[in-house]
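There are 2 protein chains.
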Amino acid sequence: MNKKGLLIVVSGPSGAGKGTICKEILSRRKDIFVSISATTRQPRKGEVDGINYFFKTREEFERMIDEEAFIEYAEVYNNLYGTPKEYVLDKLNQGENCLLEIDIQGALQVKKRYPEGVYIFILPPSMKELKSRIIGRGSETPESLERRFSSAFEEIEFVNQYDYYIINDEVSTATDTMESIIDAERCKVIEDIEEIVAMFKEEI
Amino acid sequence: MNKKGLLIVVSGPSGAGKGTICKEILSRRKDIFVSISATTRQPRKGEVDGINYFFKTREEFERMIDEEAFIEYAEVYNNLYGTPKEYVLDKLNQGENCLLEIDIQGALQVKKRYPEGVYIFILPPSMKELKSRIIGRGSETPESLERRFSSAFEEIEFVNQYDYYIINDEVSTATDTMESIIDAERCKVIEDIEEIVAMFKEEI
Numbered sequence: 041m042n043k044k045g046l047l048i049v050v051s052g053p054s055g056a057g058k059g060t061i062c063k064e065i066l067s068r069r070k071d072i073f074v075s076i077s078a079t080t081r082q083p084r085k086g087e088v089d090g091i092n093y094f095f096k097t098r099e100e101f102e103r104m105i106d107e108e109a110f111i112e113y114a115e116v117y118n119n120l121y122g123t124p125k126e127y128v129l130d131k132l133n134q135g136e137n138c139l140l141e142i143d144i145q146g147a148l149q150v151k152k153r154y155p156e157g158v159y160i161f162i163l164p165p166s167m168k169e170l171k172s173r174i175i176g177r178g179s180e181t182p183e184s185l186e187r188r189f190s191s192a193f194e195e196i197e198f199v200n201q202y203d204y205y206i207i208n209d210e211v212s213t214a215t216d217t218m219e220s221i222i223d224a225e226r227c228k229v230i231e232d233i234e235e236i237v238a239m240f241k242e243e244i
Numbered sequence: 041m042n043k044k045g046l047l048i049v050v051s052g053p054s055g056a057g058k059g060t061i062c063k064e065i066l067s068r069r070k071d072i073f074v075s076i077s078a079t080t081r082q083p084r085k086g087e088v089d090g091i092n093y094f095f096k097t098r099e100e101f102e103r104m105i106d107e108e109a110f111i112e113y114a115e116v117y118n119n120l121y122g123t124p125k126e127y128v129l130d131k132l133n134q135g136e137n138c139l140l141e142i143d144i145q146g147a148l149q150v151k152k153r154y155p156e157g158v159y160i161f162i163l164p165p166s167m168k169e170l171k172s173r174i175i176g177r178g179s180e181t182p183e184s185l186e187r188r189f190s191s192a193f194e195e196i197e198f199v200n201q202y203d204y205y206i207i208n209d210e211v212s213t214a215t216d217t218m219e220s221i222i223d224a225e226r227c228k229v230i231e232d233i234e235e236i237v238a239m240f241k242e243e244i
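Chains A and B are the protein sequences, given in the same order.
Under this note's numbering, the letters of the first sequence match residues 41 to 244, in that order.
Under this note's numbering, the letters of the second sequence match residues 41 to 244, in that order.
Quick caveat, the hints were computed from the structure, so don't treat them as lab data.
Predicted model only: the values in this text are computed from it and were never measured.
Treat each hint with caution, since some may be false.
Same chains, same label: a pair holds when it works inside one copy or across any pair of copies.
To be verified - Distance condition first, Cα-Cα at most 30 Å in a straight line; then the derived DSSO-like pairs of lysine-lysine:
(1) K171 with K125
(2) K43 with K70
(3) K96 with K125
(4) K85 with K168
(5) K151 with K43
(6) K85 with K228
All chains, full assembly: derive it from the sequences and hints.
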């Protein structure tokens with residue numbers, strides 16, 4: 041029996057550490073692949089096209105929207121971000137677990153189309169810590185910093201749209217928790233249970 | 041904030057290995073206490089009153105039923121089994137996680153009264169293996185053996201009333217999975233999330 045893969049959607053405010061946790065979980069688990077987003081924003085230092093993102097011009101991105109090629113897309117801080125649909129659904133049907141690290145707007149779009157996904161919200165240990173992490177990243181102007189921080193403040197409210205929250209006190213513990221969530225979700229009783237019961241009974 | 045404990049209810053057919061898994065998880069985790077059932081059945085070899093069960097006469101047990109002292113009770117193979125209510129609810133309110141290892145009839149009664157519990161069904165690796173485990177236990181007459189086995193066959197259907205299933209191929213792996221379920225359930229977004237968000241916002 042080919043059990044369908046899990047779509048694991050991870051969001052949280054900037055600076056909560058979702059990127060670090062996702063990187064850590066991918067290094068631990070060979071049964072999870074990461075979906076790569078397309079974006080119109082400029083690459084940050086060290087980011088590579090086709091690895092961190094598919095970097096697109098606005099024109100290219102809009103053509104993909106017209107072709108309904110995204111499972112979700114959103115405009116954030118004047119940049120477009122989107123998740124290519126076919127790639128993700130193919131992998132899930134093949135039984136692979138797919139990790140999507142996306143912003144809240146995107147996650148909620150995915151949830152509408154794919155409610156059976158696993159929606160995880162990463163929280164910082166405190167708002168104070170969140171602010172200092174955003175500052176520490178050093179990639180922001182003072183204006184965008186302020187905008188990001190007040191946006192983070194609002195975003196935290198969205199946790200109640202998610203299935204799970206993880207308080208990221210410490211990356212390795214937070215990653216342990218994410219592993220537990222994935223393992224638990226794999227043995228949830230869902231539609232496939234009838235098939236499992238039938239298999240048991242056939243044996244005799 | 042005193043987060044309420046989880047009520048973890050574990051069932052499965054005779055011979056699926058639920059007792060062994062529960063023993064193993066209790067030896068690993070200090071944050072889980074086990075609820076002790078009351079029963080009118082005769083103690084098996086090595087079983088101690090107040091540790092494995094509270095052994096009661098039928099008269100004592102029936103008095104407790106009248107006093108509504110059980111979260112659930114059931115008659116199985118002419119013996120009564122029940123879970124003392126006050127003890128369990130007190131511990132949960134104190135934030136302790138409570139493990140109930142009970143038969144399916146009992147579990148479904150608990151689920152009606154306490155739907156926010158975590159309901160886990162233990163499956164044997166195969167029906168063949170289940171049969172040889174029941175025989176191996178050696179505590180059954182041929183007649184009760186046959187009754188138990190055909191009952192196990194029926195019981196498997198009830199898995200769809202549970203939240204999770206664990207296939208008990210190997211005790212330590214099955215226990216790992218149960219630990220993951222418990223850890224995942226601890227960070228589910230439930231009513232308490234509003235309180236957590238409020239705490240975050242207060243900080244600033």
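Quick rundown of the hints versus the structure:
1. K171 with K125: For K171 and K125, the Cα distance exceeds 30 Å both inside one copy (34 Å) and across copies (47 Å).
2. K43 with K70: Intra 16 Å, inter 34 Å, cutoff 30 Å: intra-copy only.
3. K96 with K125: within (16 Å within a copy, 61 Å between copies)
4. K85 with K168: within (26 Å within a copy, 59 Å between copies)
5. K151 with K43: both (20 Å within a copy, 27 Å between copies)
6. K85 with K228: For K85 and K228, neither the intra-copy (41 Å) nor the inter-copy (36 Å) Cα distance is at most 30 Å.
Violated hints for the displayed structure, listed by number in ascending order: 1, 6.
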